[in-house]
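The listed protein sequences correspond, in order, to chains C and R.
Counting in the working numbering, the first sequence runs from 1 upward without gaps.
Counting in the working numbering, the second sequence runs from 1 upward without gaps.
Quick caveat, the hints were computed from the structure, so don't treat them as lab data.
Even glycine gets a Cβ: it sits at the ideal position worked out from N, Cα and C.
A hint or two may mislead.
[Unchecked claim] DMTMM-like mimics (lysine to aspartate or glutamate), calculated; alpha carbons at most 20 Å apart, straight line:
no.: 1; chain 1: R; residue 1: Lys184; chain 2: C; residue 2: Asp179
no.: 2; chain 1: R; residue 1: Lys150; chain 2: C; residue 2: Asp137
no.: 3; chain 1: C; residue 1: Lys43; chain 2: R; residue 2: Asp830
no.: 4; chain 1: C; residue 1: Lys43; chain 2: R; residue 2: Asp151
[As the list claims (entries may be wrong)] If you want the footprint, here are the derived chain R segments under chain C, 3+ residues with CB under 8 Å:
no.: 5; segment: 108–117
no.: 6; segment: 191–203
no.: 7; segment: 588–600
no.: 8; segment: 688–696
no.: 9; segment: 848–862
Here is how the chains run, residue by residue.
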Amino acid sequence: MSKKWNLVVDVARCDNCRNCFLATKDEHIGNDFPGYTAAQPEKEHSWVDIKHKERGSYPIVEANFMPVMCNHCDDAPCMKVAKDNAIKKRDDGIVIIDPEKSKGQKAIVDACPYGAVYWNEEKQIPQAWIFDAHLLDTGWTKPRVQQSCPTEVFKTLKVDDKKMQQIQEEEGLSVLLPDEGTRPRVYYKNLHLMTACFVSGSVVAMIDGVDECAEGADAVLKQNGNEVARTTTDVFGEFKLDKLPPGSGSYELEVSMSSGGKYSAEVNVGEDNIYLGTLMLNS
Amino acid sequence: MKFTIILWGLVQALRLATRIYPKFAERVKERDVIAQFKLKDNSAGRWIQFKGGKIKSGSGLHKNPDLSLFFQNKAIAVEFLTPPFDQLTRIDAAKNFKVGMEGPDELVVWFASTLTYMTTVGWKSGTDMGDGVTRYTNGTNGGPIFVYVKDGKIIRITPMEFDDDDAESWTIEARGKKFTPPRKTSLAAHGLALKSMVYSEDRILSPMKRVDFDVDGERNIQNRGKSEFVPISWDEALDIVVKEIRRSKAKGRGAIFANSGSHHQWGNFGHYLSAFGRFTNLLGCTKMMGSPDSWEGWFWGAMHHWGNSMRLGTPEFYGTVEDCLKETEMMVFWSSDPDKTYGYEGTVRRAWAKELGIKMVHIDPYLNHTAALLGGKWFAPKPGTDAAFAQALCHVWITEGTYDKEFVEKRTEGFEEWKDYILGLTDNTPKDPEWQEKETGIPARDLRALAREWGRKKTYLGAGSWGCGLGGAGRGPMGAQWARMMAILGAMQGYGRPGVNFGNLQFGAPVDFSFYFPGYAEGGMSGELTQSANAANNYQRMPHIVTMSTVRQAIPRKFIPEAILEGRALGHLTDVSTIQGQFMKVGYPAPGHAKIEMMYKYGSSSMGTQMDSNRYIKMYQSEKLPFVVNQSIWWEGETKYADIVLPACTVFEHDDIGEWYNVGAGYVHHMYSMNNHRVISMQHQCIEPLGESKSDHDIFLEIMKRLDMGAMYSEGGNTELDWCKRAFDSSDMSKHTTWKQFLKKGYYVVPPVSEGTRAPTGNRWFYEGRKKDTPEPYPLPADYTGNFGDGLQTQSGKFEFVATSLNNIDDSGRPPLNKYMPTYEDPERDENLAGFPLQLLTPHTRYPFHIMGDEKGCTIRDIKDHRVRVDGHEYLVAVISGTDAEDRGIKSDDLIRLWNHRGSVVCAAYVTDRVQPGVVSAPTASAEYRPAGEPGNSTDLGGCVNMLNSSENMTEHTHSIKPNTTLIQMEKWTGVDTWQRAEAV
């Protein structure tokens, strides 16, 4: 099996520094790379884009970020609409939109379920992140998104597909829009930070007539009587039960201290993350 | 060697150079000139004639030379002319009149530079990457970089990746794990955007004159900022500038006002403290006097409790990365967002801390970038009230006995008085958790939980963006009270104890502090000995001629408009040499000095970075400022408020040299401890200057030549590259590599020291009651009350809970006991502010560097978290809460207007849960000022949110800024501007 390029993106490490976004612009604005892609327009194109997701509300708030770019799919929807062999799949897995042959083919932009293909109005061509194939072909071992990233969000792997499948299973990697069946070569770690919901709260207990943060309380989430998630409150009485599917409906929350004190409520998980506020334990 | 032989040899060398180096032959062709070397008594000499590129020469004296270089006697001549040249000998000869020049200054500079060029023309820069690509290097505010150039154009800018020939990296072993930093430099966003900045559509590409400005007739000063500009030649522009210099100097000393920003491009020679400093000293200018602007609260406040004046009142940081990783259990980030402002060298170290399971707490009205990445407990006190939060922590520690009693007893003074205040014994108000809840909005139980955890666990207090001071709440109206509280919290927990200290892992990497390379604040080529750190090392290590301004008046930066419009402005010195330095008043006018006739504006950041910036427009349009020349790289908000604009070039278009984050001695001594590797960069000239732009140095030299000071300015014809070589020779780098190797490769990584010779942990010596052992030469010897090296810089030599030095100045905002005084703008306390219910935070931006990188066409402007494009215009992003947005019918990306009685600015909304209701956050990062109507009296569409901030001092007897919190109102922008400034300037 031949070795192919793959990219692993760790959402937990991304803090929106934008270096990957800027490095890609630096590489492509003003530079033509014949056979790979034409120069990127100075504005509007985000070949590497950063998606935002905020979860929760004060004081339990997360600000999460995820770079999204051409997924270099093995079953690429763009290739299906491309005419005149305008898009080629290289033996190393990289998908290249030919800057000459693709002229006028706006359908290529619309075909991408990830919104990762951009229309160059001036040149009338579709364009996307080329995995820095032009650099890899001259001996670079990683694309500029990885080189410029200060938080090690990206990991470039050149391995055969079997090995990649093994890595995906071992590290629990996900892909974007798996139902589309596009078989992306860009994988995500900790994707739940963008896609899942959590239930959280601040647990309070009355101690000697004073309300205090309740550390060490068990917080358990059940659905239809089955335990789904469990955690313990921290020194501030806070807990977060994560990785719940959006719209997964009704749950039973039970909070209890071993020293006595309980709180329970029904929680409905819709599209938003939930901060239940201050939960006073009953003695 | 004999004088005559040396001169004969010199001619042979010139001829040889013209044959070998076409570039040198071109140079020789530039002028037809007869130059002569001789002894002063005319007893011997040799002339050299350049004509049409040919060189003729003869021994003896020429009848009619264009210029002569003469020597006092043979011995001096031989010493002066025999290679290798000793700089000190040459300096000595020049300043003691052992050598001199006759002839036109401009020609003398050309000839002297040509002689030097003969020795440097063969130098090679950069690495050949094949395919016509050369990889150069540079140093920038965003970090050191590789610059790929093809066909005279920058094609790519990347971080530096180290190779096997570069020095190894350090390793820290902590809790069974080994940590080594990545083998590359990290870059801030504005570093990665530099190519787009170089080729920005806002670049100024030729000298410009305001179309309705006539230096000999009608100046139309009222039209500054309104009228267009037309390109003119360099000669025309410089003739006007020099004419105005002469006119101003004829009015008296100090009539020229030299006004720069706080920052410039990176580089020891291009920096404003260097080339501009030498220029303004030789010219004799009234200088702009900055405030300790990022340190305010530490400088005016915390310093009085523990000294550290040379660090502007912030604590030591040596060894804290290692100590924190090894020992600490919790890190409290208080108004501390290191991932925003200073690139990402410290980010990996904080990732290690997270990996080690160190608990994180963040106290900030905004869920900042560092907090969002690291996670942990978030407290969002009402802006301005942090000191109340801190006092309540003290209350819990005192009542529950969880402070470091031994440290407090042995190393501090004034604790009893402090304790009585905290417990409410002196004012009947216990500063307990319930008391602070009313002020800060933080539930008392949450504060108690934090105080107890802090009392139990070894904790690092990351105060301010550097963790050991700087920025954040220290720049707010309550900045001094807050920074004083940070020092006090540290003292109550025994700072210096293993695992207990100041820091957020941003400073204190185990790099070599003994390896000398000059920092930019050492003044480079300025020759200035008192307003820079030149005297500490640079002046001796790189012998050069001292320069000194003859002007004794200075204008406090914050009050420049008042100085011009009202004719006076007073401030207090940022004299860091000692604690009482800050009590000295200085200002404008000074006795015997002239009023300002012209402003030499260097850079164009005022609209975006100065408070209440509408004041500047009034100033610029006033007849009281007869002439303004602005020297800038880009058209920015302030640039067009000028008569003549001179186009400077970027750091890629001339030679320079510099070390990443090396400021030099004092101020931020050993600032490079922020970096994982010390990296010294040759800042290659990578491309030719764009258009007709020139380097700052070359512009100054042109002006100096017109005043016959060219030879003085260039110290006998030094180019920027020559100065770079002198800096290299002056540094310890010259002991480890050769100039040729360095120039070619472009960078040098300073090897780390062995584990046993790493700098000791900061403040540990004080905690343990030993003599100071950290590698900083401060405080100055005279400032020890006891024996040298014993104790702190305070009067008592101890940490002072009640700051006795504040007894020496009657400043109601800074009583010796740091009592809580809610002096921030508050509509509940001041009915005049009732119409402005929202608190605006104006932190530094994350993406541009101040305003650099926000110019049009910069890729940073495409970042949606920085600017949002609406109808073709890019609006600065303001962060607002969901509640405030809903109340006003605002959605993300809507245009919103923020205003108060000082200013009105349109931004684009970003609705978020990262701020609490009542709080708006917008960065001070606008390169653009775009008034909707009359400049200075209408709404700004460009995004200069500093328009809204107060220019008042933090406390009365200071020269301080307090921009971080101010009151505003907000509405969805209607597109129709009716705003008018309420108060006259």
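Proximity test - 8 Å, beta-carbon atoms, the segment 688–696 of chain R to chain C, at least three hits: Check failed, 0 qualifying residues.
Coverage of the segment 191–203 of chain R by chain C (three or more Cβ within 8 Å): holds (count 5)
Restraint status (C-alpha distance of C:Lys43 to R:Asp151 at most 20 Å): Violated: C:Lys43 and R:Asp151 sit about 24 Å apart, past 20 Å.
Restraint status (C-alpha distance of R:Lys150 to C:Asp137 at most 20 Å): Holds, because 19 Å separates the two Cα atoms, which is no more than 20 Å.
Residues of the segment 848–862 of chain R with Cβ under 8 Å from chain C, three needed, outcome: Contact hint for the segment 848–862 of chain R vs chain C: holds, 4 residues under 8 Å.
Agreement of C:Lys43 and R:Asp830 with the hint, judged by alpha carbon distance not exceeding 20 Å: With Cα atoms ~46 Å apart, C:Lys43 and R:Asp830 exceed 20 Å; violated.
Cβ contact check, 8 Å cutoff: the segment 108–117 of chain R against chain C, three residues minimum: violated (count 0)
Hinted pair R:Lys184 and C:Asp179, Cα distance within 20 Å: violated (39 Å)
Three-residue Cβ test at 8 Å for the coverage of the segment 588–600 of chain R by chain C: violated (count 0)
Consistency with the previously given hints fails for numbers 1, 3, 4, 5, 7 and 8, ordered from lowest to highest.
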